[in-house]
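J.: Just so you know, the protein sequences line up as chains A and B, in that order. Our numbering applies: residue 1 is where the first sequence begins, and numbers increase by one. Our numbering applies: residue 1 is where the second sequence begins, and numbers increase by one.
Read the hints as simulated data drawn from the structure, not as lab findings. Backbone N, C-alpha and C fix where the C-beta goes; we use that ideal spot for every residue, glycine too. Do not take every clue at face value.
Said to hold, decoys possible - Listed next, the stretches of chain A that the computed footprint assigns to chain B, with coverage defined by at least 3 CB atoms under 8 Å from CB atoms of chain B:
1) 184-192
2) 205-219
3) 225-238
To be verified - In silico DSSO-like links for lysine-lysine, alpha-carbon gap of 30 Å or less:
4) A:K275 to B:K185
5) B:K275 to B:K297
6) B:K297 to A:K170
There are 2 protein chains.
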Amino acid sequence: MNQTTQSTKTFAVIGTGVIGNGWIARFLANGHDVVAFDPAEGAEEKTRRAVELAWPSLEEIGLAEGATIDRLRFVPTIEEAVAQADLIQENVPEREELKKSVLASIDQHSKPNAIIGSSTSGIMPSTLQEGLLHPERLVVAHPFNPVYILPLVELVGGKATSQETINAAKEVYAAIQMKPLVIRKEIEGHLADRLMEALWREALHMVNDGVATTEEVDAAIIYGAGLRWAQMGPFLTFHLAGGEQGMRHMLQQFGPALKQPWTKLVAPELTDELKERVIEGCESHAGDASIAELESKRNEFLVRVLDLVEDYWPETKSIAKRGE
Amino acid sequence: MNQTTQSTKTFAVIGTGVIGNGWIARFLANGHDVVAFDPAEGAEEKTRRAVELAWPSLEEIGLAEGATIDRLRFVPTIEEAVAQADLIQENVPEREELKKSVLASIDQHSKPNAIIGSSTSGIMPSTLQEGLLHPERLVVAHPFNPVYILPLVELVGGKATSQETINAAKEVYAAIQMKPLVIRKEIEGHLADRLMEALWREALHMVNDGVATTEEVDAAIIYGAGLRWAQMGPFLTFHLAGGEQGMRHMLQQFGPALKQPWTKLVAPELTDELKERVIEGCESHAGDASIAELESKRNEFLVRVLDLVEDYWPETKSIAKRGE
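One chain only, chain A, in its complex shape:
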């Protein structure tokens, strides 16, 4: 336990779907107070169940001093949720007008120096901060599911975001055991989702064209590139595949392949038939296991992979585990 330098903060979470609940679990496990708001029927009950399901993984990763589920409080209005918050995390559905109206309300009722982090996976921060009273403190802080285990959070500033906000956001997310990655230019889909989306579109084509089932596509990732990508990204992977000359040799050898029609380039039409093929593929792959069972298996695995990443990439120390 190494919490002497970290002060307790109040985090507000607006919108408690899968992502909002993931943030709540992470904030609580790091010893903070969390105030949550979601207008949906039964939202609080769902959140408490989600946090309880996440808790064993968080215990294994290591809880901060004083961390407890009891420090979560649901309130009936946005105003009340954000009034005392140091960081407000927005996770409402991915519709521009809805997000802008919720952010305006957050902006109006929070302390002017509170950071507002939006979990948007695609909308640019310059768009989200239009019309805010204090646009300089809005930053996209885009996490990855499961938010309470995966360390990546993309930080993207818009035209009006201040450097102080970016710096403060880096610090606050790093303090809750995350890997903040500041993206240099705002673009739709930020960085990680663009990379995933490219692979995802090609995967849909492969299923659409009958080249592979969803399960076969998954196997083509897991048993090859996936095992490498847990430790190294595409660039360093290719650097190693090039022999002693590294990337220099790789680009000579495989550069010409960029000219070949090796990807479909445009996303396939999401027809009903393709939808069914994808859905049935996943359901049959999952077999008798419930989503909850699969999630728990995934969580155990990820916690252990994080340990490995930490062992083999020393610069990740302090991200995955606390108190070591």
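Let chain A serve as the given structure and place chain B on it in line with the hints.
T.: Here is chain B on its own, set in the frame of chain A:
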């Protein structure tokens, strides 16, 4: 050790670059005799050094009974290399005419019922088998670097490939601790490389556009999707991200994003400037570590990740480790 049902076979390896040497190490570790041919100056010495570097990982995975580096023999001609082989693995450079001429020579001098596996990463088997005497026994068997650790091998039959060959190839590669994935239709780049190529092209765009450095792109993969992809492919990952409704909900929610310009669609021009940016990014990321040091770190990591995958995905038993 559970080798009672596996008979010793003779494997020929034609072309001993990074991939050919990876095959040699895997074949030897599985207790087979290997005969190798490569016309390059100093090829044998390089291969022996590569196999020695791979051996500690192979020992940790578990050697087959009687497995030893001493069962590798270099010969001065293709004819001699393939004469007694049960499986011939072709790994010459990725140029169609060169591959076809080498394959014709392999075809001519080998036992007619020997399987010929080509490691080509992009060329279709129907093209490679044109003009062979026994085209029915040619199959693309495309592995992933490091071949002696990663279990995936894509098996792709061409128009003339017999079902017997596909079945026999599945058996022989599975017997050397691999995960053979039969691809349903031949296309350029097969399956896994298409998925990787889509991500790779987008990654190059991100670097080209100044959105991220190569190291940042790598971080955007490793700390998020990469950790998941070691265990689950893109489809099952999204199935879990959809909550209780799984993929059905995901496609409703994120299907519309397929219409958004979230990928660049066409590969960027590989200008000298982009090349340098990519190369320097990798070299600076690797720091003082030599490629060999990085490889050894990667290998240790992969061996341990394979253990985890095996623990959490029972259907992978027998792929990663032998004798358990």
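J.: Are the hints correct? Go through all of them and say.
T.: Cross-check of the supplied hints:
no. : hint             : in the structure
1   : 184-192          : holds (count 7)
2   : 205-219          : holds (count 11)
3   : 225-238          : holds (count 13)
4   : A:K275 to B:K185 : holds, 21 Å
5   : B:K275 to B:K297 : holds, 26 Å
6   : B:K297 to A:K170 : holds, 29 Å
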